[in-house]
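Engineer: If you want the building blocks of each chain, they are given just below.
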Amino acid sequence: MAEIVSLAEAIERTVNDGDTVAMEGFTHLIPHAAGHEVIRQRRRRLILVRMTPDIIYDQMIGAGCASKLVFSWGGNPGVGSLHRFRDAVENSWPAPLELEEHSHAGMANRYVAGASGLPFAVLRGYRGTGLASRGAGIADISCPFTGEKLTAVSALRPDVAVIHAQQADLAGNVQLWGITGVQKEAVLAAQRSVVTVEEIVDTLEPRPGGIVLPGWAISYVAEAKGGAHPSYALGYSVRDNDFYLAWDQISRDRATFSRWLDEHVLGATPSGARQVSSARPGAVR
Amino acid sequence: MTEYTADEMMTVTAARALRDGMTCFVGIGLPSAAANLARARHAPNLVLIYESGTIGAKPDTLPLSIGDGILALTADAVVSVPEIFNYWLQPGRIDVGFLGAAQVDRFGNINTTVIGPDYDQPKVRLPGAGGAPEIAASCREVIIVLRQRERTFVDSVDFITSVGFGAGPGSRQRLGLGGAGPQKIITDLGVLQPSPHTAEFVLTGVYPGVLVSDVQRQTGWDLQVSAELAEIPAPLPEELAALRALQAASAEGTEA
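These protein sequence lines are chains W and D, in that order. Each residue of the first sequence is one higher than the last, beginning at 1 in my numbering. Each residue of the second sequence is one higher than the last, beginning at 1 in my numbering.
FYI, nobody ran anything at the bench for these hints, they're computed from the structure. A virtual CB, placed ideally from N, CA and C, is assigned to each residue, including glycine. Be aware that one or more of the hints could be misleading.
To be verified - If you want the footprint, here are the derived chain W segments under chain D, 3+ residues with CB under 8 Å:
#, region
1, 129-135
2, 163-176
3, 213-221
4, 252-264
What the hints assert, rightly or not - Some residues of chain D that are not near chain W, with every Cβ distance over 12 Å (derived):
#, residue
5, 16
6, 45
7, 241
8, 248
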């Protein structure tokens, strides 16, 4: 049964230094507020897992939380590079970042295997690519029935999964709708889980295409209104595309990034006082 | 005659390559602009599929990301990410994969991972694979859209993120890749297509005012020219108007 706690408590009770942490969200419902809380609690040496590490992981990498990234696409969607990610990989700043690289199909299937309690998943994928020859968690396998050559990928079993959803009810049951990505699989693959929500309601109303995660399958629920910003929560907010564009400038050099981090994350409070408007590059100089 | 940019010529040419009623797995950026232009013009029943799980999305502005709300709100169905790859892409249900690239080689192999010979000490760290390796493997055919420069059109890519024709004829069959592979590379100078004999990409079309030697100068291999080299017609005023209207609507949407 999910316990409803504050965001700070939820992160404190689940995320330890050195943990493997999957903060999922496929362009929608990205758990930014939770990521900021991890930065404020100064967690270190995390193995960060995510299909599409974008600007929240860029911030966590730049803040020195991570030692390794397991991923399939690391960029600022529609804008370009993640400068903090690149600085870590190319120049080891602020710390070296080990990479374990996959395709989307591979990562999605690794979560499915984890959620299913299986050691690996099978797909038609990777064959002939440089990813296959680099090898971490990728192996050839023959179909036991036909002999066909396929690819096996090892299961992902994160210590903690963190996701953002639209609503939870008072019993901690969670509903998310719109683009739901791989969040259900991430929560079910992990040992512990935190779900931040826009709103806690008396009862959940079924939504078209909605996914309900029963409260007993979740460790902690925390209310974090606007907690996906600058990503969005369908029905509550729209994607702040201006911030994604602005991030390109904020993150480009170490000093500007560090000032932004001090002002907007380290100096901010965990809930309530979150700013809603875009932080433009002009405002941080 | 209406003025147009090389990028507009490229996007219009890519849009023309899509037929009405096709199913199309769309990458973000140039491919998305072209696919949406096709849907706005000659292919109203083009089924746009984004890796975020949106099937049959009908955006009226160009999405900035593959997960913009407009894609979910206008889709016929929104499915999970494991489902879009396992049930929809993997079995070969999708007609055409529309991909961008950072580097492409003479056999249409794509690199979006690292620039430089050493993976661990890259000159440039690129975003990585995303959905492209399996899109390139499993769509019935693939169209690649990117600007043509000597440093992006290389003899062999620094890293094979997604397989085109591998090491040449027979590679795809040996690897067991289901789809036919890349059938066109559409650039800001012209169009390249694979030779049926060598699987190497050759120049089959140039845009008005572009010389074959211009294209060869921007290609990192000894680019051969098809005997049936065509001049691709300039964008029609209606094509340009539709593309510019899409882009203007998107700019407004971003500012709103």
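Engineer: Confirm or reject each hint.
Structural biologist: Results for each hint:
1. 129-135: holds (count 4)
2. 163-176: violated (count 0)
3. 213-221: violated (count 0)
4. 252-264: Our answer is that it is violated, as 0 residues pass the Cβ test (under 8 Å) against chain D, missing three.
5. 16: 24 Å, holds
6. 45: 23 Å, holds
7. 241: Non-interface label stands for residue 241 of chain D: nearest chain W Cβ at 24 Å, farther than 12 Å.
8. 248: 15 Å, holds
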